[in-house]
Amino acid sequence: MRVRITEYLDIDLEREFWCCNRCGGDLISAREPYKRGCLLHERDPREIHKPISDHPVFNYSFDPDWVRIIEFYCPHCGVMVENEYLPPGHPLTNDIQPDIDALKRKHAGGGAS
Amino acid sequence: MTSLRDQIKLHEGLVYDRHAYGKGPGWDPELIVEKAAPLSAIEREGYDLLSDVELEIFYHKMLTIVEEAREVWQNLSISDIILAGDMSTAVFTPSGDLAVASTGIHFHALLNYAQSKFILKYYRDDPTVGLRDGDIFFFNNPLAGSTHAPDMFTAMPVFHEGELVAWAEVGGHQGDCGSVSPGGFNPYATSRFEEGFHMAGVKIGENFRIRKDMLDYLCGSVRNPFVFAVELRSRVATCLRMRDRILREVERRGPAAVSGGLRRLIDRSSELASDRLRQINDGVYRSILFNDTIGAEKGLVRIPVTVIKEGGEMTILVQGVSPPNGKGPVHATWHLVRASQAVYLFAYFFRGLMPNVGLFEPLTFLIEGPSVANSPEDVAHTEGTIISAAVVQSFHIIGSKMLFDSPFRENVSAPFSRNMVALVFYGSNLFGYRATGITSTGNGAGQGARFDGDGEHSTGFYWASMTDAGEVEEFDARYPFTIIARGLLGTDYHGFGMYRGGSALIEVSMAYPNPVVMTSWGTSDVISHNPGLFGGYWGPPNPRLTITKNDALKLMAEGALPELTHHSLAAERQLGGDYAFESSSVNPKEFEIGDVFLCDTGSGGGYGDVLERDPEAVMTDVREGMISADVASRVYRVVYNEETLRVDHAATEALRNEERQARIARGKRFDDFIGGWLAQKPKEHLLTYYGDWPDPRVPGYDKPFWGEHD
Ligand SMILES: [Zn+2]
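In the order they appear, the protein sequences are chains A and W.
Once you know that position 13 of the first sequence is 16 in the numbering used here, the rest is easy, because the numbers rise by one and skip nothing.
Once you know that position 250 of the second sequence is 267 in the numbering used here, the rest is easy, because the numbers rise by one and skip nothing.
By construction, these hints were calculated from the structure, which means they are not laboratory data.
Remember, predicted model here, so these are calculated numbers, not experimental data.
Every residue, glycine too, gets a C-beta built ideally from N, C-alpha and C.
Fair warning: there could be bad hints in the mix.
So the derived list for chain W, only partly shown, Cβ under 8 Å to chain A, looks like this [what the hints assert, rightly or not]:
hint	residue
1	ASP631
2	GLU633
3	LYS685
Think about it this way: if two alpha-carbon atoms lie no more than 25 Å apart in a straight line, the pair counts; the simulated BS3-like pairs of lysine-lysine are [what the hints assert, rightly or not]:
hint	chain 1	residue 1	chain 2	residue 2
4	W	LYS344	W	LYS40
5	W	LYS40	A	LYS53
6	A	LYS53	W	LYS315
7	W	LYS40	W	LYS138
8	W	LYS344	A	LYS53
Reference listing, derived: stretches of chain A covered by chain W, where coverage requires no fewer than 3 residues with Cβ under 8 Å from a Cβ of chain W [to be verified]:
hint	region
9	16 to 24
10	61 to 71
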């Protein structure tokens with residue numbers, strides 16, 4: 004059975020696997036951070052948030068010295084599952100670590116998600 | 018089976034479940050970290066007197082009392098920040114716990130208990146102070162439980178035939194507190210001794226009246242004595258109205274039923290909060306934000322949040338925080354971080370449940386100290402809300418991730434904007450008296466995008482569920498400046514996504530009819546505290562802009578002032594003059610008549626993948642000026658006719674598929690990506706106040722995910 008955990012992430016409970024909600028493709032074991040099963044891309048934030056003023060620093064965009072965008076894509080369909088805005092080189096966020104055993108107990112008996 | 022909470026490894030030598038400072042004159046942090054007090058004699062006597070139905074009716078009665086009090090205060094006040102709703106009115110149990118709160122600032126109501134509990138423990142039986150019917154108490158000391166010195170709290174005990182049956186309390190932001198800087202916010206303060214007067218549970222009145230000597234002392238300590246005096250009287254009048262109404266309930270139901278009923282409301286909220294938690298998936302959830310200022314200087318500061326949800330309980334762990342720096346006012350306290358979470362919890366996560374301290378009972382807060390989140394005693398505190406709100410923003414993201422697969426998905430959203438640039442003005446107003454305070458245009462922050470729709474524009478004040486941004490004409494009269502333009506248009510100035518963030522209310526004001534002193538504080542000048550959710554892009558940074566030696570007055574005289582928007586000023590420099598784009602944190606400075614200021618509190622983050630936004634919604638954004646043609650095609654990948662704004666759906670789908678393929682082509686597998694990523698590091702001068710890189714508390718941390726220290 005598949006349980007939808009976020010906008011873009013399902014968990015296949017029998018196989019204990021993170022899957023893409025859009026294409027159904029497998030990402031990685033549900034006991035691992037799903038980000039390990041994604042494709043990752045680092046962006047200069049100004050590619051998305053173009054500076055509004057011409058000031059070199061205070062221009063209503065992000066300063067790439069301070070922050071970069073990391074985008075996480077489904078390797079099968081290319082949907083953007085999540086992103087992070089982090090200082091360059093900062094460790095990533097293991098943002099969702101569901102208690103898989105508790106999740107299985109909750110859905111034991113085939114209840115709908 | 019090991020509990021999830023057992024996985025938490027706290028660092029030795031740091032404190033988590035209490036403050037990083039000890040007892041002092043007027044404060045006792047041990048009292049502040051306690052949960053709701055055990056039942057007192059009168060609370061126990063009356064606990065079961067009301068049936069479930071009667072309790073419900075009693076709650077609604079009490080709610081009308083605090084809501085009426087809110088209106089009383091707003092009708093009597095002449096302080097803009099109170100009129101705009103930066104305030105709360107509440108009823109507390111005889112033991113001093115929050116039982117019923119108005120729709121104002123919930124976190125104020127969650128701080129006020131510190132005062133009553135201190136009075137009960139230390140002053141009630143002290144022959145030089147005592148606690149009697151008609152007493153009026155006042156506190157604003159951050160160490161004693163306040164937010165920062167400009168947040169001021171007034172409390173009155175409610176006695177019935179000599180027995181304490183409840184407390185009537187109000188809290189709200191004040192225009193000035195006698196700080197070195199007008200308005201109380203001084204980005205350059207290095208210790209609390211530069212931040213104005215600090216009073217902790219001081220008896221300022223007896224026999225239902227404010228003492229003249231105390232009123233003179235307080236008014237003599239601030240820059241806006243007229244406003245302050247009116248304000249203090251309106252607070253006391255508000256408490257008196259609540260007292261009258263509570264006593265009417267006491268006469269109707271008996272004192273024990275009222276006291277016990279108030280206490281039971283707390284337990285009821287606690288049970289309902291646990292019930293809701295049990296319907297949410299167990300797990301460990303994380304989110305992290307960084308701040309870009311310590312006040313006077315730019316510098317990277319880390320604020321990570323981990324939430325462990327298990328059964329009917331939840332632990333909020335703030336660990337791996339940058340150490341205190343003692344160089345600026347961006348230091349929060351343990352109680353401020355805890356209370357601030359009501360902003361998210363009461364309005365979203367626990368929406369629909371009775372907002373009182375009971376909702377906090379199933380929660381455990383572990384806030385690492387000494388740190389910028391749980392600061393030591395003598396640092397400056399005024400901008401500690403930057404830190405506590407950063408925790409709220411992360412909690413909001415975490416909460417949305419918890420609630421998506423739950424019966425409460427309707428509460429899933431990106432957070433409210435918290436990218437502050439707060440302009441604080443000081444000068445003479447049109448009435449001729451001195452006024453100071455923050456412009457409450459800050460109350461028009463943009464909402465984060467929701468799971469099923471765009472964020473609302475100009476929704477309200479970050480801290481409160483019901484606020485107003487004030488009337489322009491009233492501002493012009495009461496504040497020492499004049500608003501020359503106000504609107505929503507901040508082109509490309511929100512978070513993009515399948516659903517976009519809401520835009521801030523943007524205010525353009527002018528020093529007129531007198532010169533003014535203006536200082537400002539804030540955060541998010543080069544980074545942001547407005548995260549997106551599930552792949553939505555973030556709300557952008559928000560630095561300060563002032564335009565001096567400009568031609569606005571001349572254009573106004575000629576009737577030729579164009580429509581001023583965020584974009585037309587910042588990008589096109591529509592007015593002539595000197596443009597100063599700078600950090601939000603600037604010391605007080607004098608401005609000449611005609612100088613112009615741009616103010617807003619930022620826009621919300623987006624929700625979901627931009628490639629999934631309805632192309633017609635993208636066209637609406639273009640038509641309304643919310644986004645540029647460039648963003649429509651470059652970010653949203655919509656193909657359309659630039660004159661008619663007609664979408665070519667087939668070409669759009671093809672272009673979007675092309676971008677999805679491009680993502681797959683450029684994206685790297687985790688193992689191929691992570692080494693190169695972790696080898697980077699911010700420039701050394703950005704890390705002066707950070708602590709060890711990348712984990713401020715764990716030298717040499719080298720794991721790919723944060724928060725996994727041994
Ligand atoms: Zn997919």
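So, going through the hints one by one against the coordinates:
| no. | hint | result |
| --- | --- | --- |
| 1 | ASP631 | 15 Å, violated |
| 2 | GLU633 | 20 Å, violated |
| 3 | LYS685 | 5 Å, holds |
| 4 | W/LYS344 to W/LYS40 | 23 Å, holds |
| 5 | W/LYS40 to A/LYS53 | 50 Å, violated |
| 6 | A/LYS53 to W/LYS315 | 22 Å, holds |
| 7 | W/LYS40 to W/LYS138 | 13 Å, holds |
| 8 | W/LYS344 to A/LYS53 | 33 Å, violated |
| 9 | 16 to 24 | violated (count 0) |
| 10 | 61 to 71 | holds (count 9) |
Comparing the model with each numbered hint stated earlier shows that hints 1, 2, 5, 8 and 9 do not hold.
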